[in-house]
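Protein chains in written order, with our numbering: chain A, 489 to 594; chain B, 27 to 440; chain C, 2 to 186; chain D, 27 to 1026.
FYI, nobody ran anything at the bench for these hints, they're computed from the structure.
Mixed in with the good hints, there may be bad ones.
With a straight-line cut-off of 27 Å between C-alpha atoms, the simulated DSSO-like cross-links for lysine-lysine are [said to hold, decoys possible]: (1) D/K1003 to B/K154; (2) D/K215 to D/K518; (3) B/K180 to D/K1003; (4) B/K180 to D/K178; (5) B/K91 to B/K79; (6) A/K537 to B/K91; (7) D/K720 to D/K1023; (8) C/K90 to D/K778; (9) B/K91 to B/K56; (10) C/K155 to D/K52; (11) B/K293 to D/K178; (12) B/K79 to A/K537; (13) D/K910 to A/K515; (14) D/K454 to B/K91; (15) B/K377 to B/K79; (16) C/K87 to D/K720; (17) A/K515 to D/K518; (18) D/K912 to A/K515; (19) D/K347 to D/K40; (20) D/K52 to B/K293; (21) B/K410 to B/K56; (22) D/K720 to C/K86; (23) D/K454 to A/K583; (24) A/K515 to A/K583.
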Amino acid sequence: MLLLTCPYCGVSADETELSPGGEAHLKRFGPGSSDEDFEGYLFMRHNQKGVHFERWRHTYGCGKWFLAARCTASLEVFGTYSAQTPEPPKEIIEKIQAKRPDWSLT
Amino acid sequence: MRHYSVFAIVKEAMGYHQGWERAWRNPTPKAHYDAIIIGAGGHGLATAYYLGKNFGITNVAVIEKGWLGGGNTGRNTTIIRSNYLQDPSAAIYEKSRSLYETLSQDLNYNIMFSPRGVIMLAQTEHEKRGYLRTAHANSLQGVETRFITPREVKELCPIIHLEGPRYPVLGGLWQARGGTARHDAVAWGYARACSAMGMDIIQQCEVTAIHRENGTVSAIETTKGRIGCNKLGIVVAGHSSHVADMAGFRLPIESVALQALVSEPIKPCMDVVVMANTVHGYMSQSDKGEMVIGGGADGYNNYTQRGSFQHIEETVRALVETFPMISRLKMLRQWGGIVDMTGDRSPIISKTPVENCFINCGWGTGGFKAIPGSGWAMAELMAKGHSPLADEFGLNRFREGRFIDESVAAGVAH
Amino acid sequence: MSDLSTLTAYVSVTELPLQGMITLRADLAQKSVATAVKAITGLAMPAPREIVEKGGYGIAWMSHDEVMILCPAAECSAHVATLDKKLAKLHHLALDMSDARAVFEITAPNAGALRDTLAKLMPADFHPDTFGMGELRRSRVAQAAAAVWLTSPKTARLFCFRSVAQYVHDLLRVSGAKGGEVGYF
Amino acid sequence: MSHRLPQGGRLIDKTRTVSFTFNGQKMRGVAGDTLASALLAEDQMLVGRSFKYHRPRGIMASGAEEPNALVGLGRDARFEPNQRVTTTELFEGLEAQSQNHWPSLETDIGVVNNYLARFLPAGFYYKTFIHPRPFWKYVFEPIIRQSAGLGKAPKDRDADRYEHFYAHVDLLIIGGGIAGLQAALAAGKLGKRVLLIEQTAHWGGRAPVDGIELGGKSADAWIAATVAALGKMKNVTLRNRTMGAGVYDHGYALAYERVTDHAPMVDGPRHRLWRIRAARIITATGAIERPLSFAGNDIPGVMLASALRDYIVNYGVAAGKCIVIATNNDDGYRSALVAKEAGLEVAAVIDPRPAATGDLIEAARSAGIPIKQGMAIAEAQGGKRVTGVKICAQDSDGSTGEVIACDAVGMSGGWSPVVHLWSHCGGKLIWDAAQACFRPDPARPPLSHDGEGFVFAAGAADGHATAAAALASANAAVGAATGHAITTRLPKVAEAVMGDLAPIWIMPARANIQKRAKMWLDFQNDVKVSDVQLAAREGYESVEHTKRYTTLGMATDQGKLSNINGLAVLADALQAEIPAVGTTTFRPPYTPISMGAIAGEARGDIFQPLRRTPMFDWHVAQGADFEPVGQWRRPYCYPRVGEDRHAAVTREINATRGALGLLDASTLGKIIVKGPDAGRFMDMLYTNMMSTLKPGRCRYGLMCNENGFLMDDGVVARLDEDTFLVHTTTGGADHIHAHMEDWLQCEWWDFKVYTANVTERWAQVAVVGPKARKLLEKLGSDTDLSAEALPFMAWTDAKIGGFEARVFRISFSGELSFEIAVPASQGLEFWETLIEAGAEWNITPYGTEALHVMRAEKGFIMIGDETDGTVIPQDLGLDWAISKKKEDYLGKRAQARSFMDNPDRWKLVGLETLDGGVLPDGAYVIRAGRNANGQNNVQGRVTSTYYSPTLDRGIAMALIHNGPDRMGEVVNLTDGKGGQIKARICSTIFFDPEGEKQNV
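Next up, chain A with everything else stripped away, as it sits in the complex (with noise of 0.2 Å):
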């Protein structure tokens, strides 16, 4: 049972507040797109066995979706921060590194 803290109200929220929205930071690929990058976008997943950046939203709370970054295998969770970033944040990488020193961002 995951506990996130919602960044944008500060709730530290039971996982029945929330709603899991899949793998964070895909890139949207439209018309005119390649076949493979359209898939890409739309199924290929990580799907890491390990740090995992992935959607929520507070749905019982207030309504916002912001982004976590988990461990599939430990369910460690090292952050949470704000939808609006296309990548993740320094700071986060950061703190996994200095947990994880050989991880690196794939």
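Given chain A's structure and the hints, the job is docking chains B, C and D onto it.
Chains B, C and D alone, transformed into the frame defined by chain A:
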């Protein structure tokens, strides 16, 4: 292979069963095999079995990170049915179901296939129309199903509460020849038969790398050394993306936890399998007497084989409402497994970007029932390069937008 | 089985008459927003998760770009017009949402019983150190969205969508029924 | 025979007798008894039958680990099977029935399995019952099912209620023994928010039974003082009868409070399931004694030495008059001493250790108890109760030896820490060779969201055998959990000094196979030493294989007594070290918890939210026949007396098309989209162009998901230059609103757009039919509603009959229609006003079915019927609603994929049967031949099919391969009965193709 029978048991009983031999050998890996299967779960072992039985390919190794049958094969709710809506699904699941019917005899190992019948409850007008449609489709697919009335539902399953205040039972899709089987026995039976054919089942052996030579698979690196192969089959539900990554390609898959639970054993009170998809729960009674219960999968990526309790709660809540008598039963044990979820929730049995490397994954919450059919198709694909049962389940379908979507008629339940 | 008719309450639950509610979405950091809202309520902008109330008017922080203004129902349309006028230059959305929601008042014999009643249904932390007067906690009551705040140590107000009012009312009655006293808080 | 002792019993009150029945027989216990102690007091040795061989079973333990003594409790709507007598507090009028036997406990036919036991070894069923094939289903399986299972199935709906409770604490301490109490004291003094839970009704655990002195006083005194001190701490909560059931990720824990099990007469919930969020958890869950594996160790009267002691000390009940103790450790001697002090004869202590010494051994010796060192029990004798033991040297095959008569045997194989809750969430174990047990490995704890270990073990659960060590570990655990130095004083402990145990896994050491086939490991599931050895021999070498092949540890006690012993036997068979073999996975719950508690309050009326429109009560009063639509409940139709659904729907449609109908459309989703970029955003959401819509006008639109599939449709009204009102389907409001916010927050956050879901703010009524305008005119409107002023697909604000309203000229029926929205709080009043005013035109409320039929007569699609998540707008002939001009919209790129872009698809057409009959729901259109998998080919399917009262014949819509190019062609469909029906492909519009009726 020592033939199993009641006579063998009586004979051994005289010697207090000191004479039984191993069910499968415990070999050390050879340097090279014609085919290697990664994953000694039901699907992997069935693939190996049919490679040998149908195509005479017996120089085969099945590599297992842990212990055989220790993944989702030994963690599911053992439901077997083939009342699927879409043609490709109905084809492979019905092939599977029909193979299950004679599997005990084929393997000389009692997998306790119990064709007790499966009811999928219709609890909304929309769901009812969906199952009526499925019944029509099944009639053309050669799958015996029938939409039955609430009274028939009650006769088949007296403990059900038809007039639930929220979702009265409007009928159900009935597959009389669906049922259950003993999950461990399926893996063990296949393992024993594979071993008897001379195949090597190598447990406690983790694959660490997949070697390719100009685009063609050549060998795998394992914790027990390098093993060469002409063909490679990846059959590792839950860790498909992880192993595919070693072979250098990505998959349209996310790994999530699926949970189940059993009650304490009670005397027989339920002779059929019931699925209530509107409320997300399904239940049957094992031969031991436990009520075997499953529900929906978690929504987030997870490799822990533990799920979130809310899903157990949602499922139990639904089933207490559907079968009020279970309220005073107790949950004995809950557990979880990791399942592959694909973009359309249907499986992948396919060639891959790597020559001679094949993958069988993405069974989501419905893999157990498919084991024999999946192994049959995967073996054919590996041996002949294509299989009518597998062709529709290729990796290319996502790029083409050619979905096989079962959610159309069924909700969560498998 | 929770046959409501057989239960007797130790915590009272009453649905309040129509409460004026205006949803305002805008960049709350803008001074003009604070000014406009103050003009209606006479109150300063609440901090995150805060609800401020005075003499029948109030402001509840709903999100970083949303507040809910509480006022007499009859005044809503006028206030919405005011907001639209005062914020004409600012991208915003002001709506009278009074009819969309139901509000319950929950009164318990003591402060602990009130928190116990809520804690049976909502996953939020209702310990006095964490949840005190002036905080609006948005969460769920069992399977429906709801928000709750304390109006006194022994009374709370809870709002939910109108369509689930009966469900929420029944839940609160079961939660506050005699024999179910927890005595945790 | 077992009996109540004249003195003793720290937990009972002999002055208050409590009567109960066992198998209908009246019995008496005393206040404070458990059902187990009361049964023993009545010399009820035989309490049940084992699972597989139906062997006689007696009480084995005194707590949660009891494998044998399970009964059915209560009756009818309060009947509960498989309840452990050892954890059932006795109450007046308790009714218990023993289980798993027929016809009776004393004479059970199933015991035939016992005589066949030799032919029924582990996994025998995998090797037989294979031929002939039908026999498994019709003969073998039914027999196995009948003899398996334990308690009877409850029949009735549960009469009790259940509830949940959410608690958030700094520290959850599980287990109220002295370690748990000490931990609570230490943490409490730090000011932490502490919750201490104990599964039994009593605090202090085993210390009082073990005769330990704490702080110079009796354990009982120290416990009472400590509990009192904790009671004074505001920040500490104590909860007894509350079991730690499970530990889950991120500090989530389940606790199972049995609120009224011990007092069913009291009003209140039966169970309360606590969902606890704890920053840190301390497991002070104690340890469980292991049985010894000797032949006949399952005969009633053979029990755990600690249990034998518990019954004497706690309940003043002796399991026998003449006791034999078998132990491989010093603690077993405690039981011998207690028995002796209670005035019982202790015939012998049998200790396989050749020359063990220690305080307790000396005490036993000086008490005159015969001690047989280096000896073992060769076999216990007796049938339904033990009559004696044959003893021999431990280092022998047990073929010869003297017999000691006795009527109770206490066995102690050492203690296993209760590591379940430590392990549930991934905590790892280490093997403690000295004590021959697994204990928590502090280096590998379960990790929480912060990546730190969040579970800490204390006391016996951490492998500490003495009270002093246990108490010290409690302080240490609190220190580790909180990061504070702990200053809380530890009481001075006076306790016996004990020597090492000898890891004896079977006795005697060289027992032959006949004996090993009578040594029980799992008493409930009838798994014996020989079964585990068989599994190993056959290659089921993984501990998981062995467990599953033999069913070791899969009984209702989940191996609390059997796992370690079984593991040791397996390791020995594999010639491996025990730690190398490893354990099976510990899964919640610690002991079984009721389904009722898990479901909580959610049953009956509050099983799920039921969403009601403002007019709901009116529909109920009219006897509406409802159908669930998502969480909403909508009238399907309003049958009158004597009408069936079909007649009612026909009447509603005829009345509506003939004059005037009324529909409660409040469930339609309504979402406001506002902002300078609203038009741009709407153009991305919809396949068609919305930005060009003029204020005051409405436009029908389609929404696809990014995968190209049609997900929702509805009418959009432009309220002003930068505000749109989006109508969604009934099911759609919430997920479409979430969908919008998703794209606004996560992809296009540069768009200046705000949305709000206003669905419930409005009650919406469709006034439909030729007389619709007349009705509104009659009510009076401040706005001109004429066809000229308010044409089709226009909207306006208006005051109608005194109601502030918003009027939309839109039609889903093909009739003249006004959809009128009024504030939800006035919805019912408005509805009743319309009903009253419409009487002169026979105004008729209609339900969802009439709505569906009328839209089908007009060929309007219905999301969920014509679409099923695999259909794209192009399939439905809705190309006109797909903008060619727009560069992009959600789903556009997906629809360019080869399979979707292909014109050669199933497309929507109408179907009419040749005889005017109605096609069956879900029928498929057959094509000649079979596919590669031998399935009949298909070329389409029916999406909607109805009887049309307007046309008095069947009408249908279908997706058919290239359908629109095949007008007039006759196709064959499945009839659902194995036959076929013919139907002709036609236009989807069956009624008023020119749309004259709606445009007046």
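Status of each hint after checking the structure:
no. : hint              : result
1   : D/K1003 to B/K154 : holds, 17 Å
2   : D/K215 to D/K518  : holds, 19 Å
3   : B/K180 to D/K1003 : holds, 22 Å
4   : B/K180 to D/K178  : holds, 20 Å
5   : B/K91 to B/K79    : holds, 25 Å
6   : A/K537 to B/K91   : holds, 16 Å
7   : D/K720 to D/K1023 : holds, 24 Å
8   : C/K90 to D/K778   : holds, 13 Å
9   : B/K91 to B/K56    : holds, 17 Å
10  : C/K155 to D/K52   : violated, 49 Å
11  : B/K293 to D/K178  : holds, 5 Å
12  : B/K79 to A/K537   : violated, 36 Å
13  : D/K910 to A/K515  : holds, 25 Å
14  : D/K454 to B/K91   : holds, 19 Å
15  : B/K377 to B/K79   : holds, 21 Å
16  : C/K87 to D/K720   : holds, 26 Å
17  : A/K515 to D/K518  : violated, 66 Å
18  : D/K912 to A/K515  : holds, 21 Å
19  : D/K347 to D/K40   : holds, 20 Å
20  : D/K52 to B/K293   : holds, 26 Å
21  : B/K410 to B/K56   : holds, 24 Å
22  : D/K720 to C/K86   : holds, 23 Å
23  : D/K454 to A/K583  : holds, 26 Å
24  : A/K515 to A/K583  : holds, 24 Å
Of the numbered hints given earlier, the model fails hints 10, 12 and 17; all others are met.
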